[in-house]
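Student: The residues making up each chain are set out below.
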Amino acid sequence: MKKLPLSGIYITFILFVMYLPILLVIIYSFNENKLTSVWSGFSLRWYGELIRDRSMFEALRNSVILAAISAVLAAVIGTLGAVGMSRAKLRGAAVMEYAATLPIMVPEIILGMVFLAFFSLIRLPFGMTTLVIAHTAFCVPYILLLVKARLAGMDKSYVEAARDLGAGELRAFFDITLPLIVPAVVSGMLLAVAMSMDDVIISVFVTGVNTNTLPIKIYTQIKTGVTPKTNALCTILFLITVIMGGLSSVIGSERKSRVKADKNKEVIN
Amino acid sequence: MLRLESITKAFDNTKVLNGVSLTVGAGEFITLLGSSGCGKTTTLRIIAGLEQPDSGRVFLDERDITDTEPNKRDVNTVFQNYALFPHMNVEANVGYSLRIRSVHKNEIKQRVTDALRLVRMDEYAKRMPAELSGGQRQRVAIARAVISRPKLLLLDEPLGALDLQLRRQMQLELKRLQRELGIAFIYITHDQEEALNMSDRIAVMRGGLLEQTGSASEIYDAPYTSYVARFVGSANILRGVPAVSPMTPNETIAVRSENIVLEPYSEHSRGLEGVVTDKRFAGGMLRISARLNLSGAEVVSSRHGIDSPLTPGQNVYVSWDAASEIIVKDNDAGEEL
Amino acid sequence: MKAIKRDKRAAIAAVLPMYIFTVAFIAGPLIYMLVMSFLVRDESWGITNELTLRNYLHILEPVYLETFKQSLRLAFITTLFTVLAGYPAGYFMAKLPPVWRGRCMMLLIIPFWTSSLMRMYGWIIVFRANGSLDSILMALGITDKPLKLLYTYPAVAVGMIYALLPFMIYSVYASAEKMDWELVEAARDLGASRFRAFLTVSLPLTMPGLYSGIVLTFIPSMGLYFIADILGGNKVVLVGNLIQEQLMRVHDWPFAAALSVILMILTTLFLFFYRKLSHSDKLEGLV
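Sequences listed follow chains A, B and C, in order. The first sequence runs 1 to 269 under this note's numbering. The second sequence runs 1 to 337 under this note's numbering. The third sequence runs 1 to 287 under this note's numbering.
Hints were generated in silico from the structure; no laboratory data involved. Heads up, some of the hints might be wrong.
To be verified - Think about it this way: if two alpha-carbon atoms lie no more than 16 Å apart in a straight line, the pair counts; the simulated EDC-like pairs of lysine to aspartate or glutamate are:
#, chain 1, residue 1, chain 2, residue 2
1, B, K105, B, E123
2, A, K89, B, D12
3, C, K8, A, E169
4, B, K105, B, E69
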């Protein structure tokens, strides 16, 4: 605490800047005035209007469905992939892994362009299906990398001990490996959901005329003219994010405290 | 009961085992003793089925189990780091092998309790591994490995991570357990004292080969090679010194430090001339080192109790009883242990 | 030997979905993009099966070269400022007591997870004429009329820096947190000044974090066209905006593909140099 002042002030400043735009959006969501630039008193009016707006609900529903399906698909593909690659040296695995993680390495606009062109080529109608494929593509890397890291950090002797005690290969996987990588899968999925719920760039390219997601809707509103309803929508989205972030950190810290307990015991001995 | 026939194994072109053959009898406590990298852990893993030998066979009760999967072998292992499943409590860890064999719930409960009582851990059944100390984890790992009554228990340096006091206590307990259970133990260690204390038989390993196999007293009193003599009980290897017994050129003599006599020059004393180089306490007794003028070799004597008038720099006669001279094959040219 | 074969078969079965998905929906589309960049655009819509280099030659026209230049310049500026602002932040956070470290990270995660549109929208409120910034500046008497900051290059730069700063802070934090602080103490003990100890110990040891922070800010800043779109109006045109325009308005897909290929080559080169420099293929703090 002695040396806190200067670095402490700096960190506080950075965090303040980080929250500044978010706070402004939230504050103006309670603005009575229809003009978003003039403050004329506190009101919940825009939340009421938001609830009555059917298209908003549809967009929210689409976003949730899209995020859920993509995260689950990515979890299955990514987890199996990471496990498989850790089990045996397969030819071309490095190339495949590189290709699979490309979606988070290249600028999103390229991914959007590529999907747009490719889906037109194979004549896949634009809509939920194309959205799911595109979102799954950029969700897989998160889960793949997290699970891979978890597997690499996992002591091989746990599985060996299970095998030694009589478990077949499959049994050892379900009894030992799977429970131990679940935290990585879950936090990867939460990250994937967050990314999916936030994506505009790729979604704009691969969505159909009638399929709006929340980010697309917000984007359109910002481009064409905001109303305080946009602020209200953003605020609700923000709340969802905070709740999800809290969830994931609880899962993460539970894991960490376990490790910490481990370390403490070592020290005691 | 267990028989290894000329097992070889290489990892990435590095030969780890160069033809290991070993027989273990039922109920025997045998120790694989060797420094790190000698291949002892690999041997153990091949017996457990966690590693496949490049050539050679493994027999358990005269049945060839070389290609049998680890879960189909009547052999269990206590891993070096215990490998307790971190997401299961003590009870679940210990009962794991019984659950796999679909043993009835009540019986599992009973046998887990028995196994935990055997290692004096019955009060900790509901704890998670992370909440246990090193010694406690060790006991749980043993209980988990013996609960299904394997024919053979493999222990990979199980006491390596414990402090000296706890290690001594666990040595006694392991020995007691082994007698109570009547299971054969194959025990791995690099600690010669541990090996001498516990084993019915010791197999000294070096460079992927068994250098000598025999009872503790055989290994200690009659080592075949200079390496074994030095590794077990750190004997003095006296090269280029005239011996009483006849010797071939590639043989040399080894004398245990407790048999080396250092005496100040006097009319009565005899022996090889030397100079005291060091004098220190180790393991509750004085260890005095001297350099032989004849060959320049260092010899260590530990028969001086706790008090000696000798001081470094003093000229001494170095001598030993002819009966304590051991003729060994000279095969380690002073390599680091 | 049997066991090894069985193991392999199980592994192949496990990676199969990933392989199929990757080939079908990532490798396939990317290859298609490459092919398309050499094709001729159809008169009205779509493409013809005629091979050409015209799309690439097209890029060499001054207008488009200027766009690339502007994109690269903005990426450099963004990266430079995120390093300047983010490195100290990540470094200081790693030095905090563990409890505060966790709290700071949590506080940093929340905006990072918040919709980037919402955050950009927040900046509109800040920058627009008679917006928050103008009000404050005028109230303080620093300026006497609105600055009209919205839809300017600085506004876009601020948006970019703001959006990418968390990546930098994380990366630096991740490697600084792993660092053994006793090494710094050892350097101090051996006579190094605080600054010298930082320069000779902390900085080299946190270099991997800095490198991955740079990668994580530089690459996206070439592609985050919507920030330029929202905060720059049509005043700031980046490669991303150009691609989007070619796709959605001009419908010249082959040209958009060629632009994407060049952008992709630029990012790959950048990643390649990153690997050379850092001797690592992992991005610290990425996930």
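Student: Any hints this thing doesn't respect? Which numbers, in order?
Tutor: 1, 4
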